Amino acid sequence: MFLNPWSLNLTLCAVIVLFLVGTAAKTAVRVLLYWDPSSDSNRQIRLEAETWLSATLVEYALLIQVLTLLLFVIAADRFSQMISGAMCATGTLTANAYGIPDLLIKLVGSFLYGFWILFHRIDISSERYPLVRFKFIFLLGLVPVILVDMVLQTLFLANLKPDIITSCCSVVFGDEGGGGRGNLLTGSDPQATLIAFYGLAGAIIMTGICFLWQTLGKVRRLVTGGLSGIFSLEWAGFLVVSLAAITTVFSSYIYAMPYHHCPFCIIKSEYGCIGIFIYAALLAGAFFGLSVGVVEPFAGMDDVAQTIRRYRRGAVLLSLVLLIIFTGLSSYHLLLYRLTGGA
Amino acid sequence: MTPILERHLNLLDYALTSLWRRRLKNAGIMMVFAAVIFLVASFQMLTRGLIDVSEKILTEVPDIVIQKMSAGRQEAIPLDYRERLDDIFGILKVVPRIWGYYFDETNGANYTVMALELDAMPASSQLGRAVIGEVPSNNLNGGIVLGQTVLGNLHLGGRRTFSLFRPDLSLKPLRVVGEFNPATEIMTADLILMSLADGRDLFDMPPEVVTDYCIYVANPAEVGTIARKIAARLPDTRVLTKPQIQKTYQVIFGWRSGFASICLLTALVAFAILAWDKASGLSPEEKREIGILKVIGWQTSDILALRFWESLVVSGLAFLVGCLGAYGHVLFFSGSLFRPILLGWSVIHPSLTIIPVIGGDDLLLIFTFTVVPYMAATVIPAWRSSIVPPEAAIK
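So the sequences go chain by chain: Y and U.
Numbering of the first sequence is given in the working numbering, commencing with residue 119 and proceeding in unit increments.
Numbering of the second sequence is given in the working numbering, commencing with residue 178 and proceeding in unit increments.
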């Protein structure tokens, strides 16, 4: 189903992202081949200027990718009005085997672009550009992710078959009985999910406070490294548990319908677009939380140690604030129901 | 205020003054860009408005329509088919209908003729309520109800009677007993409603057939199941359900709008090339300006951020102008530039007022379709301009 403004737009955005990151990757190849910090040749000066270009291009690509993520979910929701058996985005995304994988790869892609920008920022904070080779190898690694995203998206759109009346005499009946293809996560226990959700949130806050407290005094780097690793792992677990909790528990309270478990409908205006704020807080929080551990391998480099220390303090603080906002927003309807006994 | 915010506010301030200094060039780009956005936004708003209107109309469509097919074409359906549906549980009413077109040679228009027994329809049906005046009785007496556009087309003046031709060119006398409420214009503009007996007389149809059956179902959730049972019971028929018709409308409007988007893509690409070209050609003054900025300590990143703000201001303004223009175009002119593409061509068009429906998601669609390519097209020229060496200021 390509001949639709939403499909065209998604394809256009994918082509633009590929163009931007592809151009940046061209610089990456040249940097890996010819980078020589000790030289003051024309080529080296030009390469240094080009690193700015690639950084800007990846920043633009990240911005577009975040917009595409939102666009993708909204488009899936719009398509549900044309796909048989689909009632919302869940139905469309599970209509063929490529929808959910593409959504996940878009999500992973956004995190990876974000990490690249972070590495770039850390790198340019030092006059010696110590991460230059690493960040450009990383950039080259982004190209396959974009290609996979593009292929999956194209396959997803190509395999969407709208349910239309054909001119032949036979009857085309949609899968009327199902109304969506069930839940994305069936069989998970809501009670256990909630315990894991609040347990992990508590653990992250504790670890975060420990981390912030120890940065005030002189503690060995090993402790800092350990804490940041634990903090990131907790965030990784929390991200997965949160997505499950939103789908199986929180969404029903937001819809005020016990059998409606959909992680996508909460972004609609019928529910005050609360989902956009919930996901923005969760994804941004998870990004900062994960980045604390991602920068760990470079924390020992003298050139950038100071920058990383400063960044990590800010990132931990910011991720804790976002965690509290996210937990508050997602639990609001549940608490309201439990306290006031429902609408 | 944080230093980062302060830096960007200052850059924005500088970007605004720099845009103002070259206002003629920037206004030109902005106007062309606004025109492209206007085209894209008009299409999007018109499509959304039409889908909205069609959804409203389709609430009046029967839950299921049965048509008899023969050699892949529709033909009249015998009245005795009705008995075979009697014992399907859940069917509220089966209403036989004669439904066709009457070509009026005097003004080249096609009227839609619908003949059915209005009192056989369920009370929930809106058709009877849309009539001002009387409703045609079930007898063969020539009483009809006309849509507003048909009424205007026939130039009846004060008369209430007129004639239409039967297939054998004999005249069928008709009497206007009522008219449709102008508020229902979109579904009744070209409609002539009459009794089943009058319809049969006008089209000279044998007494044992009608064109199709309208089926009303008690529980909307059972439409699919009942339709499946009917299809099994009457294998030589085509069974159309309301949800299917709704989906088809969505797909058709989506398809037409997508087709138009492809055509507009060429305009967008042309504009992106223009934007690229304009941003690439640095005048000596611009080179000098960047050189001076570099000399006084600006970094490459500052100039890139400055260019980003400039692009954002230009595209933001163009976006605003384009979207407002499109809103006005759809609201005040009913999207007259593009309506034929989306609606089809016909002599009689309902004079529908389309209320532009615009949500955040549509704005996001228009934004990513127009502003994102513009930003992508200007980023490389922006970088080229930012690496101008400081010596350029002195040369």
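Just so you know, the hints here were simulated from the structure itself, not pulled from any lab data.
Mixed in with the good hints, there may be bad ones.
[Stated by the list, open to error] Derived DSS-like pairs: lysine-lysine, alpha-carbon spacing no greater than 27 Å straight-line: (1) U:406 to U:202; (2) U:455 to Y:144; (3) Y:279 to U:233; (4) U:419 to U:406; (5) U:270 to U:455; (6) U:202 to U:419; (7) U:455 to Y:279; (8) Y:279 to U:406; (9) U:419 to U:233; (10) U:270 to U:406; (11) U:270 to U:233.
Bear in mind the structure is a predicted one, so any value in this text is a computation, not a measurement.
We went through each hint and held it up to the structure:
no.	hint	verdict
1	U:406 to U:202	violated (67 Å)
2	U:455 to Y:144	holds (24 Å)
3	Y:279 to U:233	holds (25 Å)
4	U:419 to U:406	holds (16 Å)
5	U:270 to U:455	violated (67 Å)
6	U:202 to U:419	violated (54 Å)
7	U:455 to Y:279	violated (42 Å)
8	Y:279 to U:406	holds (24 Å)
9	U:419 to U:233	holds (12 Å)
10	U:270 to U:406	holds (16 Å)
11	U:270 to U:233	holds (22 Å)
Violated hints, in rising order: 1, 5, 6 and 7; the structure is consistent with all others.
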